[in-house]
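Engineer: These protein sequences, in sequence, are chains H and A. Note that the working numbering has the first sequence beginning at 273, numbered continuously upward. Note that the working numbering has the second sequence beginning at 330, numbered continuously upward.
Bear in mind the hints are in silico, worked out from the structure with no lab data behind them. Please read all numbers here as calculations on a predicted model, not as lab measurements. Here a beta-carbon is modelled for each residue, glycine too, at the ideal position from N, C-alpha and C. Among the hints, a few may not be true.
[Stated by the list, open to error] Quick list of simulated restraints, FRET-style, between CB atoms:
no. : chain 1 : residue 1 : chain 2 : residue 2 : range
1   : A       : Glu608    : H       : His356    : 39 to 49 Å
2   : H       : Ser357    : A       : Ala438    : 15 to 25 Å
3   : H       : Lys489    : A       : Ala438    : 17 to 27 Å
[Unchecked claim] Quick list of in silico lysine-lysine cross-link-like pairs, PhoX-like style, CA-CA up to 20 Å:
no. : chain 1 : residue 1 : chain 2 : residue 2
4   : H       : Lys468    : H       : Lys425
5   : A       : Lys855    : H       : Lys375
6   : A       : Lys855    : A       : Lys560
7   : H       : Lys409    : A       : Lys435
8   : H       : Lys468    : H       : Lys505
9   : A       : Lys759    : A       : Lys465
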Amino acid sequence: MGKYSEDPKWSDIDPLPTDEGGPNPLAAIAYAEDYEETMSYLRAVMAANELSPRVLELTEDLIDMNPAHYTVWLYRSKCLFHLHSDLHEELEWLNETALQHQKNYQIWHHRLTIVDALGEECDVQGEQEFVARMFEKDAKNYHVWSYRQWLVKRFQLWEKGELEFTEKMLEEDVRNNSAWNHRWYVVNGREAEGVKGVTDPEIREREIKYAEAAIAKAPQNQSPWNYVRGIRKASGTELAALKPLAERYASVERPGTVRSSFALDLLVDILSEESGGKQQAGKALDLLATTYDPIRKNYWAYRKSQLGLGSIETAATA
Amino acid sequence: MRSRISHRRRRNISFPQRRSMAAQNNQEHTLGNLLREKARIVEIDGEEGFDYAEHDTNELNGVPFPGSHLKQTVTGVSIVPHYLQTATRNLVHDDLQTVTSETQAKTTAECLPYVTGKDTQGLALNSHGLPHLRRKAHAEYLRGFLGELPAGYAAMDASRPWLFYWCIAGLSFLGEDVSEYRERLMETVRPLQNASGGFGGGHGQFSHCACSYATILALTAVEGLEVVDRKAMWHWLGQVKQADGGFRMAVGAEEDIRGAYCAMTIITLLNLPLELPPEAHARGAGLQTFTDRLGEWVGRCQTFEGGIAGAPTNEAHGAYAFCALACLSILDTPHVSIPRYLDTQALVRWLASMQTVAEGGFAGRTNKLVDACYSHWVGGCWSLLQAAFSQSSATRDDFAAVTELEPSELWNPAALIRYLLTCCQQPGKKGGMRDKPSARPDAYHTCYSLSGLSAAQNLYIYENGITVDAESGRLTAAFNWLAQRLSPGKAMQELGIDEHDVVECVHPVFVVTFDAVMRAKEQFAKGGL
Ligand SMILES: [Zn+2]
C-alpha cells in the first residue's frame, strides 16, 4: 500500500495514525496518503524514542514534504547527535534544502546546531560564502542575517572580511537596512568584551564618514540616518556634531531646498538642544508636518508639544 | 518623560489643529515632469492654501501614476488626503535606483490606483468614498478555514493552532458569535496537548510557544480553557525559560522575543505560578521566577535604530516591537515597565517611521514594503506606547466623559484604515484580506488586518489599578485596560468610515476580545495548580 508499510525494513513498526480528537475537527487537513503515512511512522518512532539511521531517512523524507515542520527538524538533530553522524554530510544536504526552501527558517536553526557542533572542523569560509549566496536571492532574509551574526561571533570573524562584506552588500543596495544592521553588529558587537566600537573616536569618525558617503548617494534613505543617530547615542557624543551633515540636506531658512526629511528630523533634535534654537526646531517640525512628511503630521505635532511649543503652523511653509 | 497626550485626549481638544494646507497641492504634474525635476517642488507658497477635506474630488483625475492611461471609471467620491497628493508624495526623491527603491516604486504604483480611489475594484463604497469593510465576505472566508482543508495545507501542519486562532479571533473582531466552535475546538486541540505540558502544532508534535499561545488564545475566545493541563504547562514553560531571562520557542529551539510574549501571555491568562518549577534549569543560574531578568532581556532587543529585534543585536522589526511592548505591559503598568527597559523616544520615532509615505499602511522594517499584517504588529503598539507616555491615572469616569473620540495622536490611523479598506480587501466573491493588492488573501493577514483596523478605530486606555493580585500572585496589569468602541460622529468622519466599517475592540495585550479576556481572568482567579 504505502512506501513504509510495504518496506520490510519498517515491518516492526506499528504506525500511529493521526488522532483528530473527534469526529468534527477544526481546520482538518485532508493529508495526502504518503504524507499521512510518513507522519504516522514518525509518531511511532518518536513515541518509542527510536534514534536510528532509518529515522534519519524518515525525517529527510518528511522535510522534503514539509520543511516548516519544526518537530521533524528537532528530532532529526537529536538523532544525528545520538548516532554521531557525519555532520559534513548533513551540511551538504542542508545546502540543497536551503536553496530549495528560501523562506524556511527552521533550517537555519538546524544549520546553526550542526555548525556549532562541527566547531573548528567547520569550513567557516565555506559558510560565509554559502550565506552570501543565499543573499543573492533575498538580501534581507531575517533568519539568514541572524545566522550570519551568530557565525561571526562563534568563529570570531569580526576582522575577517565582515566589514568588507557589508560594504559589498551596501554597494549593491545602499538601502539594504539588514546590511546596515550587520555593519553595526560587526563594529559594535564586542563592546561587552571590552573591544571598542563607535565609542572609539577613530572608529566613530570612520563610521560617520561611511554613512555620510552613503547619504550623499541617496539622501532620502533612512538607514544611514538611523545609523548616525545610533552612533551618537551609543557613544554619548553631542548630536550637534552632525549639524553640518543635516544642514547639507535640510534648511529651515530655505525650505524649498530640503532634500531629505530625515535630515530635517535630525535638525530638529540638534536645534532644540541649542540655546534659543527651539523656535527654529518648531519651524522644522512645521515643515515636516505640512510639506515634507505629512503622513506623520501627528507625530511631528507630538514632537512639537514635547518641546513645549504650540501646534503645527502651516504658514511655516512660506 | 511627561506627555500631555492622554489629557488632551480626554479633554477633547482637537490636536493637531488642522488648518489649510500648502498650496503646492494644487499643482498638477505629469509623471515625466516630476522625474525631470527630480520631483523637487520649487514653488512653496503657503498663504493661499486649501483644506483637503473640502477639496473637490475631480482633482483626482489629474493625479499621475504609472498605469494612469488605463482609464477607470471613477465611482468613488473619496477625497485624496494631503499626504497622498502627487506633489507631496514626491517632494524628496532620490535619483539612485537600487533593488529597494525599485520594489518600493512598484508597490506604490500597485497601490496608488486603490488608495486614491481611482480604482474601487467594484467594492461597495461608504459615505466617505472608501470601500466598506466586507464583513460578511471576510467572516465567510475565515469560516472556510475551520472546515476541511485540501492536502496542500500540509504545509500548515505544524501551525494549525494559528489557523484556529486567526479564524476564531478574526471572526470575533467582526462581531461574529464564535461560541459554536467551542466543543469542536476543545476536541481538536486535545491530541495537540502533550502529557509533558504545552501544545504542539499537531498530534505527536513537540510543544511550542507559538502553538501554545495560539491554542490558548483560541480557547480563550470560545471559553474552552478547561482542556488545558495547567500544571503540565507550568512545568513545560519551566523548560523553555533561559538563564539570560528570555524564552526559547521550544526545547532545543531558538530563543526569541516571541517566546517571551507568548509565555507571559499563557502564564497570565491561565494564572500559573510565577515561581519556576523546581526542575527548571534556569534555577541553576540563580533565577527563581519566570519574570526574572525578563525585562532586561527585552530591553537588550532594542537596537540602535530604536526599534526592537527578535533577539539582541538582530535587526529592528515591527512584529517584535509588539511582542516587546505587550510583554512589558504584562509585567507591570506600561508607564512603569516600558520606560524602565526601553528608550521610548527612540522607539516612537522608529515606529512612526514605519508608516509608509504613499500607501499609508505599515512596513515591518526600515526600507521594507508596506504589508497589512503590520497593521496589527505596528498598529497595535500605539495604545501600549501611549499608556507608557501617560503618567496620569485614567479612570472609568474620565473615560465615560469622552463624548467625541479623537483620532490617535502619535500616528496616522486614517491612512492605515484607507490602506486596509482600499488595498487589502480581496474583491469578488471570496473575501479575505491580503498583504498588498498583488498578494492572495490568507487567514493570517485577515486576522491582523482586522486587529489593525480596531487599533486605528477604537479607543484604548490603561486605567491605573492593581498590578499584582494579593492572593494568587498573578500579574494583573494587563487586565486594567478599558476600551471604547468608536461611535458615530466627527471621529468617524475623520477616519473615513461608517458604522458598518467599525470592528470590535481588541484587547491591546492579548489580541482577543475584551469579554474573552475578562472571562479568563475570572475563570482562574484562584490560581494554584
Ligand atoms: Zn504580512
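Engineer: A separate judgement is required for each hint: does it hold in the structure or not?
Structural biologist: Evaluated hints:
Roughly 28 Å separates the CB atoms of A:Glu608 and H:His356, a value that falls outside the hinted 39 to 49 Å. A C-beta distance of roughly 50 Å is found between H:Ser357 and A:Ala438, which places it outside the suggested range of 15 to 25 Å. Against the hinted window of 17 to 27 Å, the Cβ-Cβ separation of H:Lys489 and A:Ala438 comes to about 23 Å, which satisfies the hint. For the proposed pair H:Lys468 and H:Lys425, the alpha carbon gap of about 15 Å is at most 20 Å, so the pair holds.
Between A:Lys855 and H:Lys375 the alpha-carbon distance is near 44 Å, which puts this suggested pair outside the 20 Å criterion. For the hint linking A:Lys855 to A:Lys560, the alpha-carbon distance of about 14 Å falls within 20 Å, and the restraint holds. The straight-line distance between the Cα atoms of H:Lys409 and A:Lys435 is roughly 18 Å, inside the 20 Å bound, and the hint therefore holds. Distance restraint check for H:Lys468 and H:Lys505: the Cα-Cα separation of roughly 15 Å lies within the 20 Å cut-off, and the hinted pair is therefore satisfied.
A distance of roughly 10 Å separates the Cα atoms of A:Lys759 and A:Lys465; the hinted pair therefore holds under the 20 Å criterion.
Against the hints set out earlier in the document, violations occur for numbers 1, 2, 5.
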